[in-house]
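Q: Given the sequences, and given the hints that come with them, work out the whole structure.
When we follow my numbering, the leftmost residue of the sequence shown carries the number 209, and every step to the right adds one.
These are computed hints drawn from the structure, not numbers from a lab.
Please note that the accuracy of each hint is not assured.
[To be verified] Derived DEER-like restraints, expressed as beta-carbon distance ranges: (1) E221 x R288: 31 to 41 Å; (2) D238 x R274: 31 to 41 Å; (3) Q211 x R288: 20 to 30 Å; (4) P223 x A263: 17 to 27 Å; (5) Y228 x R288: 33 to 43 Å; (6) V269 x S303: 34 to 44 Å; (7) N240 x A263: 30 to 40 Å; (8) Q211 x A286: 14 to 24 Å; (9) E264 x P223: 28 to 38 Å; (10) D238 x R298: 10 to 20 Å.
For every residue, glycine included, the Cβ atom is placed at its ideal position computed from N, Cα and C.
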Amino acid sequence: MAQCLFCRIIAREVPASFVYEDEQIVAIDDINPQAPMHVLVLPRRHIATLNDGTAEDAALVGGMVRRAAAIARERGCADRGYRTVFNCNRGAGQSVY
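A: Here's what the structure looks like:
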């Protein structure tokens with residue numbers, strides 16, 4: 209989706225600090241971190257909200273969660289603890305769709 213900020217970041221039209229990328233997933237450091245480690249793990253395919261995912265996206269979502277765990281390990285946060293969050297729609301704080 210051309211207007212989506214995350215799609216533009218993934219297409220490298222908007223600069224970002226890339227942490228990880230593969231064929232399905234991209235992870236970037238948040239530009240306005242709300243925690244000491246704040247990484248956004250994004251699907252390459254545009255999915256506006258968690259509600260828009262389908263049963264076929266189960267492996268993708270699982271891969272995103274596993275990648276978050278791997279990044280936490282790589283950054284030394286896994287043992288002391290970290291939080292993963294899915295913000296779905298405006299009422300939950302989602303600002304990019």
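Q: Does each hint hold? Answer for all of them.
A: Hint-by-hint comparison with the structure:
1. E221 x R288: 31 to 41 Å: 36 Å Cβ-Cβ, so the 31 to 41 Å window holds.
2. D238 x R274: 31 to 41 Å: 20 Å, violated
3. Q211 x R288: 20 to 30 Å: 38 Å, violated
4. P223 x A263: 17 to 27 Å: 35 Å, violated
5. Y228 x R288: 33 to 43 Å: Because 21 Å falls outside the window, the suggested range is violated.
6. V269 x S303: 34 to 44 Å: The hinted range 34 to 44 Å is violated for V269 and S303, with Cβ atoms some 20 Å apart.
7. N240 x A263: 30 to 40 Å: 33 Å, holds
8. Q211 x A286: 14 to 24 Å: 36 Å, violated
9. E264 x P223: 28 to 38 Å: Since the Cβ atoms of E264 and P223 sit about 32 Å apart, the hinted range of 28 to 38 Å holds.
10. D238 x R298: 10 to 20 Å: 18 Å, holds
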